[in-house]
Structures are given as structure tokens and as C-alpha cells.
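Novice: What follows is each chain in one-letter form.
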Amino acid sequence: MTTTPAAMIATRIMELRKRRGLMITLIVLDIGFPAVFYLIRLIGHAFAPLANPPAGSGQIFTIFAAGFLPTFGFIAAVTVGCTAGSRDLSEGMFRHLVVTGRSRLALYLARIPAGLAIVASLVAIGYAIICAVSVFAAPTFIDYNNVNIPPGLSRAEFGNWARDRAEPVVCSLPYSGQVPANLPCPLPLSKSAVTPAQAAPAKLEALAVKIANQDYPGYTALFLSPPDSLMIEAGLWIELEAVVAFTVGLGLASLMGQRTVPLVLLIVFQLIVTPILSAVDIPHLQDLQRSVVGLAVARLEPSGLPMAAALPGVTGGVGRGAGPSLLPESATVAVCVIIAWLASWTILGAWRMMTRDA
Amino acid sequence: MQRAGHQMITAAVPGVPGKLAGESRWAVETHGLTKRFGAKAAVNGVELLVPRGSAFGYLGPNGAGKTTLIRVLLGLTHADAGTMSLLGYPVPRHRDAALARVGAIVDEPRFHPHLTGRQNLRLLAAAREPAARDRIGPALERVGLAHRSDDRVSAYSMGMRQRLGVAACLLADPELLLLDEPMNGLDPAGMAEMRELILSMVADGRTVVLSSHLLDEIERTCDAVAIVDHGTIIRQGPIAELLAGAQLALQVECSEPGRARALLAGTTIGASVKVVPSALGLDMTLPAGADRDVVAEINRVLVDGGISIYRLQPVQTSLESWFLQVTTRLGDPH
Numbered sequence: 001m002t003t004t005p006a007a008m009i010a011t012r013i014m015e016l017r018k019r020r021g022l023m024i025t026l027i028v029l030d031i032g033f034p035a036v037f038y039l040i041r042l043i044g045h046a047f048a049p050l051a052n053p054p055a056g057s058g059q060i061f062t063i064f065a066a067g068f069l070p071t072f073g074f075i076a077a078v079t080v081g082c083t084a085g086s087r088d089l090s091e092g093m094f095r096h097l098v099v100t101g102r103s104r105l106a107l108y109l110a111r112i113p114a115g116l117a118i119v120a121s122l123v124a125i126g127y128a129i130i131c132a133v134s135v136f137a138a139p140t141f142i143d144y145n146n147v148n149i150p151p152g153l154s155r156a157e158f159g160n161w162a163r164d165r166a167e168p169v170v171c172s173l174p175y176s177g178q179v180p181a182n183l184p185c186p187l188p189l190s191k192s193a194v195t196p197a198q199a200a201p202a203k204l205e206a207l208a209v210k211i212a213n214q215d216y217p218g219y220t221a222l223f224l225s226p227p228d229s230l231m232i233e234a235g236l237w238i239e240l241e242a243v244v245a246f247t248v249g250l251g252l253a254s255l256m257g258q259r260t261v262p263l264v265l266l267i268v269f270q271l272i273v274t275p276i277l278s279a280v281d282i283p284h285l286q287d288l289q290r291s292v293v294g295l296a297v298a299r300l301e302p303s304g305l306p307m308a309a310a311l312p313g314v315t316g317g318v319g320r321g322a323g324p325s326l327l328p329e330s331a332t333v334a335v336c337v338i339i340a341w342l343a344s345w346t347i348l349g350a351w352r353m354m355t356r357d358a
Numbered sequence: 359m360q361r362a363g364h365q366m367i368t369a370a371v372p373g374v375p376g377k378l379a380g381e382s383r384w385a386v387e388t389h390g391l392t393k394r395f396g397a398k399a400a401v402n403g404v405e406l407l408v409p410r411g412s413a414f415g416y417l418g419p420n421g422a423g424k425t426t427l428i429r430v431l432l433g434l435t436h437a438d439a440g441t442m443s444l445l446g447y448p449v450p451r452h453r454d455a456a457l458a459r460v461g462a463i464v465d466e467p468r469f470h471p472h473l474t475g476r477q478n479l480r481l482l483a484a485a486r487e488p489a490a491r492d493r494i495g496p497a498l499e500r501v502g503l504a505h506r507s508d509d510r511v512s513a514y515s516m517g518m519r520q521r522l523g524v525a526a527c528l529l530a531d532p533e534l535l536l537l538d539e540p541m542n543g544l545d546p547a548g549m550a551e552m553r554e555l556i557l558s559m560v561a562d563g564r565t566v567v568l569s570s571h572l573l574d575e576i577e578r579t580c581d582a583v584a585i586v587d588h589g590t591i592i593r594q595g596p597i598a599e600l601l602a603g604a605q606l607a608l609q610v611e612c613s614e615p616g617r618a619r620a621l622l623a624g625t626t627i628g629a630s631v632k633v634v635p636s637a638l639g640l641d642m643t644l645p646a647g648a649d650r651d652v653v654a655e656i657n658r659v660l661v662d663g664g665i666s667i668y669r670l671q672p673v674q675t676s677l678e679s680w681f682l683q684v685t686t687r688l689g690d691p692h
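Which chain is which? The protein sequence lines are A and B, in order. Sequential numbering of the first sequence, starting at 1, is according to my numbering. Sequential numbering of the second sequence, starting at 359, is according to my numbering.
Because the hints were derived from the structure by calculation, they are not lab data. These numbers come from a predicted model, not from an experiment. Among the clues, some could well be false.
What the hints assert, rightly or not - In silico lysine to aspartate or glutamate, DMTMM-like type, Cα no more than 20 Å apart, as pairs:
#: 1; chain 1: B; residue 1: Lys398; chain 2: B; residue 2: Asp454
#: 2; chain 1: B; residue 1: Lys632; chain 2: B; residue 2: Asp649
#: 3; chain 1: A; residue 1: Lys18; chain 2: B; residue 2: Asp508
#: 4; chain 1: A; residue 1: Lys18; chain 2: B; residue 2: Asp509
#: 5; chain 1: B; residue 1: Lys632; chain 2: B; residue 2: Glu611
#: 6; chain 1: A; residue 1: Lys203; chain 2: A; residue 2: Asp164
#: 7; chain 1: B; residue 1: Lys398; chain 2: A; residue 2: Asp357
Full structure from sequences and hints, please.
Specialist: See below:
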């Protein structure tokens, strides 16, 4: 009688957890960056609340949830995957494990939950920090291009608010139309200049209302603190990306029998090749482009992360611009692509492990 | 200590694991086993029978295919032809069942260096039966590593890693141990300890297959031996029987060695005895199976010829000298 898979998984977790360098890297990537960033903002706001805005904001939540955490989570997950897929072999332990008589498939499969337990938990901790600060240290005004806007305004209220602050609105808020060249916009615009209402010519007020009307859909996507549903969806999406990264890394490293090369290949593929593929339209290769897992994962990004498109080169922003994507892809197709990648790399990695000379 | 006799008979290949496997008298049985690397056959039609409960030496010069055979037996690499069974289980068909009762060291024992010895064993025990976890402590005690078991393996010496490898073998409570060069890297004291450890495991009733190029260690440790060269077994059987069939050496210290050699050449003895002059007399090599009457006849011929005999000493053939007789690459350093 052999042991339960749980015992094998537990010892695989131990084996990964005891790698100090790996764990330090993971903690820095997944937890360290957001923790330090928010800590600085919390301290700054606590000591000088007028000069430093509250630590949390919808904008920063979006940047972390759609940009930094998926990117760093991807690197962390693929690092764990490549480590789990190669170190038994390179450190000579694979042979001992094979000699136990336990099937090689079981040995391979035990690595998946073990690695995911570490990857998912660290990503979850990092994300929990982001959510906690976003909720408990949320600002009272929405900061939109350095203009403080009250939340929850209707279209008419937003127009009225814009009319009363015509100059900063015209100077700061996005607008696709023509703006008079002789506007008295301070550069850079200071908060003190925009917060109090200022008298303005009627022409400027009319333009501000027009801008507000155009920006209203964007305004409604902004929030003081993220809604619960968005936090849950974004959390699941970030975890999905980590799962994909780990599984592909595990499979490729098992296939190649080494860690460094597959690690570099996957990071380059995800952070350089995938954004390029998302930005170009190759008429005869669109289906091939759609089969890229990074694009499929990006397709599933929660719609409430509006800043993602403004984060060039990051995973969350890939393939989902402010306008329609170059490669329209249904959610069903995206899910199929992700499943296919997970299954393919698992099968390839397991096959190589079962056929490799130990 | 149990010393099983070695009989060159062919056991029926077991067909039903768990029923006939325990009845097989052979711990290891191979027929026509072949493993090629390109055009080179590292294991070439090996016919090997290792009796249960014995200490069996697998002896060969460097590159003879010793490690490859063990790797094939353990399923670490596949065979190109032939059949094999471990503990009566045909492999690779029932490899998992067979390996559940097999412990092995192949090449240099390597472990995760960032883990302690005990943690490495936990990792291996988790892949075996639940009872294997309970064997970690006793295994570490038995190999003398208990006091260093919580140190990282990266701090272990080569000898300590060898011992940890043996401890890993013991997790299986093995009926069969396949040890590939277990003395490598050990100092004389470590070699003596390892030898005692192996002998104690044989005394427990386990079968130990010891692959080595250290002839002295094989001779001290094993009951039976197989000599392998160029991937082929060229001799196998109990060491005592094999040495009994070896040529006998005779050292003769005498006056007038040249005339003594001529005297012997003129008799019927000269046709079968190889005589080489030495510093003090003659070194002779008698044919295999020569008894002491031949020695007496040599003595009589020389004395009758007026040669003074100062010393006449048969030299027992060692495994080493026999090994050098039967292998083609003499003294090939490992």
C-alpha cells in the first residue's frame, strides 16, 4: 500500500517552501512591493494628510490589480513552476523518487497542487493587502487626473459640478474635441488651484459641461473603493493567471529538464511577445494570435478594471485597449484556449517525466 | 550470517505477481538483457541470476556496463531487448510492485541540498507505503547519521551522503538492495563501516547486489560474483567455486634458476606449467585444477637434478588476479 497523495503533496510543499532564495523572491514580488508602496502612502497620509492623499484609491487598486500584481504574480508563478519542474532532476532526487516504485505520473501530478498552494497563497496575501488598503484607507473624493471629484454624481450633477469648476475641468479632464489655445492652465496644475470653485467665462463653462458629458462614462467607472464584486472577480482573475503561469512553467521545465531557459522564455513570451501580438493585426494568423494564452487570460479580465488599458506592457493591459481589441475573442474561446494550454503542458510535462531516463 | 549457495539453474519466470513472486528463488533474474547507446551495447545479452539472501558482487572494469545494468533493472532507463524480474516480479510490467521492496543507490547519491537529511527521507518516504515514515528514525540510526540528520545535506561529506543513500534504501524495508559503488568516496574507516552495514543487511536475510570495481571489497563482502566486461557477463558463480577453477601460482626459490627451468622443460610438467625466471628462482603458473601432486613432482624433478630448493610456496589465487585473468582490460583505472 502506498501513501496518500496528500502526503506526497505535503512533502512537495515542504521542499519548495524550504528554498529560501525562491521564497524570498516570491514574497518580494507578490507581497513586498504592494506592502511597501502602501506602507509609504499610509505613513505619508498619517503625518501630512493635506499633502498626501489617502493610501487607498480606486485608481491605485486598478493599477495593482490589473497591472503590477498580475505581472509580478506571473513571474513568481512561472518561477515556482520551473523550479518544481526541474530541480528534482538537476539535484539528483528524481532517481531516488523513481526507485520508490511510485508511478512517475503520480510524482508529476503531486507537484501541481503543491506548487499552486504556494503560488496561490502568496498571490492571495498580496492581493488581500491591496484590497484591505483600498477599502479601509479609501479617499473621500475621486482623484481623476489630479481633479478631486465627488463620487456618485448623476450625469446632470456631474455637468453642474464641471460648470462650477470649468477651468480645472477644461485643463485636466480628457477631451477629444478642440480646446481654445489661450486657456489659463497652470502647468503643472496644482490641487490648490482646482479645488475651490472659480469664476469663468460662460464659454469656458459650456466647454466644461461638454467635457463632463463626454467623460461621464469614464467617471462612472471610477470608484472610491472597489466594489466587493470587482474585488472578488479581480482576485479570481489574478489567481487564474498565476495558475496558468505555474502550470505552463512546470510543463515546460519538465519537458526541457532545466529551469533557467524555460523561465526566461516564458517571461519574454508573456511580457514582450504577447503584447506585440495583441497590438498587431496579422490577417492570416488571427486564429493563431487568439490561441496565445496571455491574450485569452486578458480577455477574461474583469470589466471593472478600467485602468488596465493605460498600463503599457503589463499583463493585465494586454489586448484590452480603451477601444475595441484588435482581436475580438469570445469568452468561450478564451476559456477553451486556457484549458487547452493547461492540459497540453500538463500532458507534455508528464509524458517527458514518464519517458525520461532518470 | 546467511550464505546462500549459488546454483546455475533457470527458475520459471513468474507470471502472477504476489503469488509466484514470493516463491521465486532469484532476487534478480535477467535473460538476454540488452541496452544499447547508439551502436554500442552497454549491456549485451546479460544472463544474470542472483539468489535470494545472498551478497552478490557485480564486478567489472570501468565502462563495463555495471551501472547501466542497475539502471535498467530499476527502470531508470529502458531495455532494448531481453526479460528481467526483480524479486520474482517481471519488470517493467510490475515494476512498481517490485520496487516497493527494493532499495537502491545508483551512481553518486545526491539529494536536495537545501533540505536536511531527515527532510529528504521524508520526501522519499511519502512516495512509499505509510510505514516508511516510521522507518526514517531507525534508518538514520542504523547508518550512523542520527546526530546529523537535521543538518542540511549541503553540509554533508561524500561519506555521509553515501550513508544517507543507504538510509533511503532502508525506508523500503527492502528485500533487495542494489548498491552501485557504495564505497566511493569513503575513507578506510567509512569503508569498513559500510562493509559491516552491508553484511548486517545480508544477515537480516536481505539480498544485496554490490556493483563495484573494488575487488577486495567484493571478495570480503560477497558470496557470489558476476564478472562483466564489454556489457557481457563472462563468469558468474560463488567466489570459492570460481577461484577453485583458477590457475595456481607457485613461487620457487632455488639455486641455478636457469638450469632448473631447463630441467622442468625436459619433463612432461614443462608442457603444462608456465615457468618464468624471477630474482630468487622461478615463478610458475600451474593449470586450473592442478593438485598438490604436481607441486610434489616439480620438487622431485628439481631435487633429482641437483637443484637446491630453499623455498617452495603455492600462492592462493585472489579475486583480483583471477579478475585480471578473465577480463580484457587489465588494471583499467576506475
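Novice: Each hint needs a verdict: does it hold in this structure or not?
Specialist: Now the hints, each set against the structure:
For the suggested pair B/Lys398 and B/Asp454, the alpha carbons sit about 29 Å apart, so the restraint of at most 20 Å is broken. For the proposed pair B/Lys632 and B/Asp649, the alpha carbon gap of about 15 Å is at most 20 Å, so the pair holds. A distance of roughly 13 Å separates the Cα atoms of A/Lys18 and B/Asp508; the hinted pair therefore holds under the 20 Å criterion. For the suggested pair A/Lys18 and B/Asp509, the alpha carbons sit about 13 Å apart, so the restraint of at most 20 Å is met.
Distance hint between B/Lys632 and B/Glu611 is fulfilled; the C-alpha atoms sit about 16 Å from each other, no more than 20 Å. Between A/Lys203 and A/Asp164 the CA atoms are separated by roughly 13 Å; this keeps the pair inside 20 Å, and the hint holds. Between B/Lys398 and A/Asp357, the direct Cα distance comes to roughly 17 Å. Compliance with the 20 Å bound is thereby established for this hinted pair.
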